[in-house]
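J.: Take a look at the letters that make up each chain.
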Amino acid sequence: MTTTAEPTAGAEVGRARVRKEDARLITGRTRWTDNITLNGLLHIAMVRSPVAHARITGIDVEAARQLPGVVAVYTGADLDAEQSGIPCAWPINTADTPPRHVSIATDTVRFAGEIVAVVVARDAASAKDATEAVEVDYDPLEPVLDMEAALAEGSTLVHSDHGSNTWAFFPFDSVAAGATSGPTADEAIAAAEADPDAVVVTRRWRQQRLIPAFMEPRSVVVDPTTEQLTVWSSTQVPHVLRTMLGLTLGLPEHKLRVIAPDVGGGFGGKLQLTPEEILTVLVARRLARPVKWTETRSESLVSGHHGRDQIQDITVAARKDGSVTALKIELIADMGAYFGLFTPAIPIFGAFIGPAIYKFPSYLFTCTDVFTTKTPTDAYRGAGRPEVTFAVERIMDELAVELGRDPMDLRQQNWITNTEFPFTNAGGLTYDSGNYEAATAKAMELFDYAGLRLEQERRRQSGDPVQLGIGISTYTEMCGLAPSRLLGALGAGAGGWEHAAIRMLPTGKVEVVTGSSAHGQGHETAWSQIAADQLGVPFEDIEVLHGDTQVSPKGMDTYGSRSLPVGGTAVVKCAQRVVEKAKKVAAHLLEASEDDLEFTAGRFVVRGTDKGLAIQEVVFATFLSHNFPEGVEPSLDSEYTFDPENFSFPHGTHLAAMEVDTDTGRVTLRDYVCVDDVGAVVNPLIVDGQVHGGLAQGIAQALFEEAVYDEQGTLVTGTFVDYTIPSAADLPSFTTERTETPATTNPLGVKGVGEAGTIASTPAIVNGVLDAIRHLGVTQVEMPCTPQRVWRAIQDARGHATQETPIDTHSPGAGLGSIDPNNPQGEVQ
Amino acid sequence: MIPSAFDYVKPASVADAVTALRGGGEDATILAGGQSLLPVLRLRLAAPSLLVDLGGIPELRGVREDGDRIAIGAMTSYHDIVGDDLVRQHVALLAQATQTVADGQVRHLGTLGGSLAHADPAGDLGAVALALDAELVIAGASGSRTVTAAEFFVDYFTTAIGEGEILTEIRFPRYTGWGSHYEKFNRTAQAWSMVAVAAAIAVEGGTVAAARVGLTNMGTTPIRATGVEQALIGRPATPEAVRAAAEHATEGTAAPSDADAARDYREHLARVLTGRAVLAAAG
Chain G
0 MTTTAEPTAG AEVGRARVRK EDARLITGRT RWTDNITLNG LLHIAMVRSP VAHARITGID
60 VEAARQLPGV VAVYTGADLD AEQSGIPCAW PINTADTPPR HVSIATDTVR FAGEIVAVVV
120 ARDAASAKDA TEAVEVDYDP LEPVLDMEAA LAEGSTLVHS DHGSNTWAFF PFDSVAAGAT
180 SGPTADEAIA AAEADPDAVV VTRRWRQQRL IPAFMEPRSV VVDPTTEQLT VWSSTQVPHV
240 LRTMLGLTLG LPEHKLRVIA PDVGGGFGGK LQLTPEEILT VLVARRLARP VKWTETRSES
300 LVSGHHGRDQ IQDITVAARK DGSVTALKIE LIADMGAYFG LFTPAIPIFG AFIGPAIYKF
360 PSYLFTCTDV FTTKTPTDAY RGAGRPEVTF AVERIMDELA VELGRDPMDL RQQNWITNTE
420 FPFTNAGGLT YDSGNYEAAT AKAMELFDYA GLRLEQERRR QSGDPVQLGI GISTYTEMCG
480 LAPSRLLGAL GAGAGGWEHA AIRMLPTGKV EVVTGSSAHG QGHETAWSQI AADQLGVPFE
540 DIEVLHGDTQ VSPKGMDTYG SRSLPVGGTA VVKCAQRVVE KAKKVAAHLL EASEDDLEFT
600 AGRFVVRGTD KGLAIQEVVF ATFLSHNFPE GVEPSLDSEY TFDPENFSFP HGTHLAAMEV
660 DTDTGRVTLR DYVCVDDVGA VVNPLIVDGQ VHGGLAQGIA QALFEEAVYD EQGTLVTGTF
720 VDYTIPSAAD LPSFTTERTE TPATTNPLGV KGVGEAGTIA STPAIVNGVL DAIRHLGVTQ
780 VEMPCTPQRV WRAIQDARGH ATQETPIDTH SPGAGLGSID PNNPQGEVQ
Chain R
0 MIPSAFDYVK PASVADAVTA LRGGGEDATI LAGGQSLLPV LRLRLAAPSL LVDLGGIPEL
60 RGVREDGDRI AIGAMTSYHD IVGDDLVRQH VALLAQATQT VADGQVRHLG TLGGSLAHAD
120 PAGDLGAVAL ALDAELVIAG ASGSRTVTAA EFFVDYFTTA IGEGEILTEI RFPRYTGWGS
180 HYEKFNRTAQ AWSMVAVAAA IAVEGGTVAA ARVGLTNMGT TPIRATGVEQ ALIGRPATPE
240 AVRAAAEHAT EGTAAPSDAD AARDYREHLA RVLTGRAVLA AAG
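Respectively, the protein sequence lines represent chains G and R.
Just so we're aligned, residue 0 is where the first sequence starts under numbering that gives the first Met the number 0, counting upward by one.
Just so we're aligned, residue 0 is where the second sequence starts under numbering that gives the first Met the number 0, counting upward by one.
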């Protein structure tokens, strides 16, 4: 853990400053969207389909309309002419038109949770009450729940107008792409199969469906009474929202203002243009009154987009000496019922980073995007990269087992050495820098790798009921979305630049405007540190403004670990522009040549003299403009839009000591050590926080979380009691350390850290679980590795195959205790 | 969080509470600590017309000695039970089990009486009350009556508390000097028990002199593992003997089968956890 320090002097970047935004965020004495109240505000509640797939044969809203406080009730028929369809910014398949994603269903519902009616009332309780009076008749259709069955000929179609449940097939072949020469992955695998001195290892794994589970539920407030229609939304992407909302609804962009006030987490789950945003705008516009929608947690779990959900077929080929010859990653990815902004592209984000830190001479990635009648999937922390990282880090362990090698030793044999950078991987990405040896050496020492291997052997020998496993993940990832030209070449509907503006106020105080709108990351602190160093002004004199398109008109927002490498760099470049402008003014005031001026620690000094001016003095002189150089604009304010030339590539070595109680199947994470290389560090406290939270989410995928649907297509993990998120009590104290190999592609040398912990940790945990019980004959435990799954795997391996009793309730004795929310009748006293 | 509309009263005495409850009829519900009821209201799984809040009745809170019994007011919070010296000394198993309930925030609000009256088979404290032969005092219009824990738990979410009645006190015999342990198995630290075992053991001269074992979430009510108790008595408190006795743990159970634990796995856990609970209790 980093200790906090309140600095007194010297460089700001690198200091463990306590976050300046935390007091208001933690106490809640701030502007969450739901805290916003406007004169005449009306409230919306959604009527959602309880069934996964059905034709709507009738909706009776009359009873609801008559209830006290109800202002209006709308159905799809009422709003369809205005609602358009939610756009997909990255469809992958460009030959077909994506199925229309309606915000409110018109004739068919395609997932349980889809909106079928909107109730508007004077208060939220009346709106909620009235939802229960809306009568909807459904003519059930076959739900489409299993991805492979959905692909089969004759399957019920989710979108009959598309004619197939397959949306896209995306291949990346390293030879065809020019990233490798020589045989293709398929050729190399075929050759290895025929070669007695080679091995081929093939495995099938499932990436279970996950729910982003941000802390602040989503909320939207729309005020149509101002000249610019104003939308407050708990969103990660106010700028994207403004543009997309305008395009979708035909609203002129200059007549739209979007504000993301303080936003309580997102994890990708608020990187979206949502049906609820569209409907709140439509209702507010129609009634010419301000309107608010705030979701309940149950609503959030069923209707906010989900993440992951893939079937992975992974093949690795290697010579028996351990050197790898081919990697093949074949994915089937569940889109759910409709596309959000990036749905079909999410699994593809993993395509290029699949080879990870290894020198695969051939590589093939394919992904098949499939529709099902489930909640749409889209970005969730890591978005595509956790999936392929899991695949490659798990298959390296499987290969090590096949070859009888130590899994770290095998990795080292195949990874890119620190003298080989820049290195172009088999996915076509050029890694600018890295030092896998240094991070690994440090991690293994902190972890006592050798000592734990001895303990593991002792426990095996003694037949200890608690077995020890060591899990490894030596990941890399691609951050800093993204070079705009590259995004364009890949078919994305947007660029990846970021914008910053700096306003030098007359009294020497500074406003830093960023297009990278934070939702919990601590940008206000980190950007202040960066600007303080660049401008030589005190940290306290800087205010960071973001999240309101009136204040910060340009931006591409916060996701993909992009804020610091892209948005932070924009702040640096922008500050440099301010200094350049100030230098001209200072030279004039000091009657010196610009070339003779030095700028250090906030002062322009004539080299070799004690003559100088503080930047604040230059700012004030500019404000006055009484004595100003001829032909120079009297302003130091500057803007900069930074477009990165490449991604950044954090990497690290994560080691997990897993204990498995073979009597109960209970898995306990005993110790976790990670050494991450996220480049230069602006604020170690924030970096540690990101790593801790990221680890918790990645470990949660391995051990705790799963969105489960029943055979009717109902989400049965519909509350936080059934969707089991771990708390601090379920996790050990992490050992988080760093190596710092600066990125060469930005002036700060930073790489991004938001997703690293999540991407790295899932395979480390599962590798550790299997390492603990593989000697018992267990080769596979599906995620999440629940006690029951682990116990059954051990029983099966020991030849005591268990006969699992059929499930008779969907409440896992957790939930509301034993109450099954999907079938509560007669059970509640 | 928007429950259906309801009326709310906060009486200052048990008598007033009973009157309010009877006036509200069958749609009236008691609000104790709210830790089970509020989620149910929030999800609109129940829509009572009247909530009778017992939070304004001081006599329902606190722990006292009453002859050979330790008497605990029904509205005593989990937090207060965990920290109470009388409970820790004489009914240690209750303190141990209560410490495992949910998290600190829930333990400050949730109450012993509320938990028992809710009678969720996954709740932790029913098995303790049953194993320790607690008596439950129920107040109604015609005064108070006392039932044993064995009589109290009737079925899934169903107790001996009748319409218009209120659980006011839980009385435990003293188990001073007994060893005890609550062995809980759940998915996450804050989750409900998948299976848990409450054990209190008196060991004399290396032999089990008396044993009380209760099971959580192995049926529609808490279950007394009498087969285990009988198999333990008179036997040495060795791992072998205890494990042999624990094989009886599933007798008389009807465990639920759900996604986290199918019945066969629950039964396996009940045996393993019973062995662990008893061994830990026997020290």
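Treat the hints loosely; a few may be bogus.
Simulated DEER-style distance windows between Cβ atoms [to be verified]:
#1 G:R205 with R:A101: 25 to 35 Å
#2 R:E246 with G:E803: 50 to 60 Å
#3 R:A208 with G:G798: 54 to 64 Å
#4 R:E162 with G:E81: 45 to 55 Å
#5 G:R30 with R:A101: 23 to 33 Å
#6 G:D447 with R:P238: 46 to 56 Å
#7 R:T18 with G:I25: 39 to 49 Å
Calculated directly from the structure, the hints in this document are not laboratory data.
All C-beta atoms, glycine included, are put in the ideal place defined by N, C-alpha and C.
J.: Compare the structure with each hint and give your call.
T.: So, going through the hints one by one against the coordinates:
At about 31 Å, the CB distance of R205 (chain G) to A101 (chain R) agrees with the hint of 25 to 35 Å. Between E246 (chain R) and E803 (chain G), the C-beta spacing of about 21 Å breaks the proposed range 50 to 60 Å. In this structure the supplied range 54 to 64 Å is violated for A208 (chain R) paired with G798 (chain G), their Cβ-Cβ distance being about 41 Å. Range check, E162 (chain R) to E81 (chain G): Cβ separation about 52 Å, and the 45 to 55 Å hint holds.
R30 (chain G) and A101 (chain R) have their C-beta atoms about 31 Å apart, which keeps the hinted 23 to 33 Å range intact. In this structure the hint that D447 (chain G) and P238 (chain R) lie 46 to 56 Å apart at CB is violated, the actual value being about 31 Å. The hint said 39 to 49 Å for the Cβ distance between T18 (chain R) and I25 (chain G), and at roughly 44 Å that hint holds.
Hint violations for this structure: numbers 2, 3 and 6, all remaining hints satisfied.
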